[in-house]
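Chains as they are written, first to last, in my numbering: chain E, 59 to 165; chain R, 5 to 356.
There could be a bad hint or two in this list.
Partial selection, computed: residues in chain R whose CB lies under 7 Å from chain E [claimed, not checked]: (1) Met62; (2) Gly68; (3) Pro71; (4) Thr142; (5) Pro145; (6) Leu171; (7) Pro172; (8) Leu173; (9) Val176; (10) Asn238; (11) Ala240; (12) Ser282; (13) Val313; (14) Ile316; (15) Ala332; (16) Asn334.
Incomplete in silico selection of chain R near chain E, CB under 10 Å [claimed, not checked]: (17) Arg29; (18) Val33; (19) Ala37; (20) Val40; (21) Asp73; (22) Val76; (23) Ser77; (24) Gly91; (25) Leu107; (26) Met144; (27) Leu180; (28) Ala181; (29) Glu234; (30) Asp271; (31) Lys274; (32) Leu347.
Bear in mind the hints are in silico, worked out from the structure with no lab data behind them. Note that the Cβ used here is the ideal one computed from N, Cα and C, for glycine as well.
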Amino acid sequence: MEATHAIAAGMGGIRTAGDLVMRVQLAKKLRIAEAKKYVAEKLDVTIDELCDVISMTEVREKRGFGIPHFEPDANVNIGMEAKFRIAEALGLRINSVERFKRLAGIK
Amino acid sequence: MSKDKRYFTRRGDGSIVYLTEREIRDDIVDGVADAVKRGKIPPLTQDEMDHIFGIVTMPGGVVGVAPEDTVVSTSDSGSSKFTTKCGIPIERVAGAMIHERVLGADSVDIGGDDYNYKTAKGIAKREASVLKRALDVTTMPLFYGAMPDLGFYTKPDGPVDNWAELLPLGKVDEALAAQEEAVGHSVHDIVYVAQQVDAVGADGIHIDTAGAAGDGDFLAALEATEIIKEKFPNLAVSIGMSGEFVLGMHGRLKYKDKRLAGLYAHDQVKLAEEAGASVFGPVVNTNSDKSFPWNISRVCTFMKACSEVANIPIHANAGMGVCGVPMAENMTADVVSRVDKCLIEICKIDGL
């Protein structure tokens, strides 16, 4: 059922910008159209590009936001390191990033 | 015998049924009328009912929305379902990563197999530890999730007398008092779990199937949300409903002077907003005996009313037995994708 939702109607998470739009919904309580607009403006992309796997893969690779399918090399950016970059790019507080900084002694 | 063209569709139990255009259109009108009567809400427009007919009869096994209209997803017990529902022996951190990198989920929740806050409270630090490991290796937002499940607080498993046993004995005052006491225990447990998951950096906490045990259950979700937002303001709260209206097991419980018993989604969402929730998950029940056209038109009438008054994102609960999805364990993509298309294009929902 989750696969059907994803194919028929889902943004696709880190395949596009679904995780980023979800973060904006949580942080700012914005409805879907406003949340997409917020992320698109922050990333300087169109709404069509925001929902497109090919376009967003390029953006995510360039900005280090993490993608689902990657070559296993030293430059892979996924998980916590990607969230550092996402928090900065979107101007959002990400709780796990703040905790990581605090415990790692990063200002 | 009629030679009218018959369209493939399903009943609320998922079984196949072939209906004529007239039968489908009649069911759509009846479904809308049922929602209008029960919810005291406006009907769908003729254009919207025509659009539902088009989606129901649309060729193809899977239908979809335009890419720019896609929505985001939340879950209930998402990361544990590979194990609990499919018997695949993987732990929940791997489950979360599979949701992120294989299924294209936009978020997922880490929740235990015994998906309720009374159980979670006793092992909250260990549950938070699982969540912490998942937060280190995933990119999308992660919740901790469980249900208030007020019934778990009744004897012999819990501390409170069982109101379902007291009521048939005519012990009404005792039954009411027992529910009120259970609300306090439930709020305490939910907030305790929230404290643990906030400490490891959770993005949010999901209070799932709120209202399952009636108005006391829903009240516990609302009061817990209010406290969580006061104590842990950066922890998002998602409240997902259990049924299309709040059962009046108590009957007199109120939140901010609003009686909870009998509230449908369009009223529930306003209370969720007042409590401080970031996301609300409305539910409309699927009637197993009725057709999919009847069910989905009824769902859309309720859901549109909810969406129009909501100031926070609404993620429709489109799982087994709710929002037009049939009451069946093994789900078929034709009906699920049609549910999604109707909910997004007619009701303007923000997520699933």
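Verification of the supplied hints:
1. This hint is violated: methionine 62 of chain R has a C-beta 12 Å from the nearest C-beta of chain E, more than the 7 Å allowed.
2. Taking 7 Å as the C-beta cut-off, the interface hint given for glycine 68 of chain R holds, the closest approach to chain E being about 4 Å.
3. The beta carbon of proline 71 of chain R is positioned within 7 Å of a beta carbon in chain E (closest approach about 4 Å), and the interface hint is therefore held.
4. Given the 7 Å rule on beta carbons, the hint for threonine 142 of chain R holds: about 6 Å separates it from the nearest Cβ of chain E.
5. Using the Cβ-Cβ criterion of 7 Å, the hint placing proline 145 of chain R at the interface with chain E is satisfied: the shortest such distance is roughly 5 Å.
6. Contact between leucine 171 of chain R and chain E, as hinted, is not supported at the beta carbon level, the nearest pair being about 36 Å apart and thus beyond 7 Å.
7. Using the Cβ-Cβ criterion of 7 Å, the hint placing proline 172 of chain R at the interface with chain E is not satisfied: the shortest such distance is roughly 38 Å.
8. The closest approach between the C-beta of leucine 173 of chain R and any C-beta of chain E is roughly 42 Å, which is over the 7 Å cut-off, so the hint fails.
9. Of the supplied interface hints, the one on valine 176 of chain R is violated, with its beta-carbon coming no nearer than about 40 Å to a beta-carbon of chain E, more than 7 Å.
10. Against a cut-off of 7 Å between C-beta atoms, the interface hint on asparagine 238 of chain R holds, since the closest Cβ of chain E lies about 6 Å away.
11. Below 7 Å, beta-carbon pairs count as interface contacts, and alanine 240 of chain R has one with chain E at about 4 Å; its hint therefore holds.
12. Given hint, serine 282 of chain R at the interface with chain E, holds; its Cβ is 5 Å from that chain's nearest Cβ, closer than 7 Å.
13. At about 12 Å, the closest approach between the beta carbon of valine 313 of chain R and any beta carbon in chain E exceeds 7 Å, and the interface hint on this residue is violated.
14. Proximity of isoleucine 316 of chain R to chain E holds as hinted, the smallest CB-CB distance being about 5 Å (cut-off 7 Å).
15. Interface hint status for alanine 332 of chain R: violated, as the beta-carbon distance to the closest one in chain E is roughly 10 Å, over 7 Å.
16. For asparagine 334 of chain R, the suggested interface contact is broken, since its CB lies about 9 Å from the closest CB of chain E, more than 7 Å.
17. For arginine 29 of chain R, the interface hint is violated, since its Cβ never comes within 10 Å of a Cβ in chain E; the closest pair sits about 24 Å apart.
18. With its C-beta approaching chain E no nearer than about 26 Å, valine 33 of chain R sits outside the 10 Å limit, and its interface hint is violated.
19. The restraint placing alanine 37 of chain R at the interface with chain E is violated, with a minimum CB-CB distance near 27 Å, outside the 10 Å limit.
20. For valine 40 of chain R, the shortest C-beta to C-beta distance to chain E is roughly 25 Å, which exceeds 10 Å, and the interface hint is violated.
21. For aspartate 73 of chain R, the shortest C-beta to C-beta distance to chain E is roughly 8 Å, which falls under 10 Å, so the interface hint holds.
22. Residue-level restraint check for valine 76 of chain R holds (minimum Cβ-Cβ distance to chain E is 4 Å; threshold 10 Å).
23. Taking 10 Å as the C-beta cut-off, the interface hint given for serine 77 of chain R holds, the closest approach to chain E being about 6 Å.
24. Below 10 Å, beta-carbon pairs count as interface contacts, and glycine 91 of chain R has none with chain E, the closest being about 17 Å; its hint is therefore violated.
25. Given hint, leucine 107 of chain R at the interface with chain E, holds; its Cβ is 6 Å from that chain's nearest Cβ, closer than 10 Å.
26. Hint on methionine 144 of chain R holds. Least Cβ distance to chain E is approximately 4 Å, under the 10 Å limit.
27. The interface hint given for leucine 180 of chain R is broken, as the beta carbon of that residue sits about 34 Å from the closest beta carbon of chain E, more than 10 Å.
28. Because the beta carbon of alanine 181 of chain R sits about 36 Å from the nearest beta carbon in chain E, more than 10 Å, this interface hint is broken.
29. The beta carbon of glutamate 234 of chain R comes no nearer than 16 Å to any beta carbon in chain E, farther than 10 Å, and the hint placing it at the interface is violated.
30. Against a cut-off of 10 Å between C-beta atoms, the interface hint on aspartate 271 of chain R is violated, since the closest Cβ of chain E lies about 19 Å away.
31. Interface hint status for lysine 274 of chain R: violated, as the beta-carbon distance to the closest one in chain E is roughly 14 Å, over 10 Å.
32. Look at leucine 347 of chain R: its Cβ gets to within about 8 Å of chain E, closer than 10 Å, so that hint holds up.
This entry does not satisfy hints 1, 6, 7, 8, 9, 13, 15, 16, 17, 18, 19, 20, 24, 27, 28, 29, 30 and 31, going by the numbered hints stated previously.
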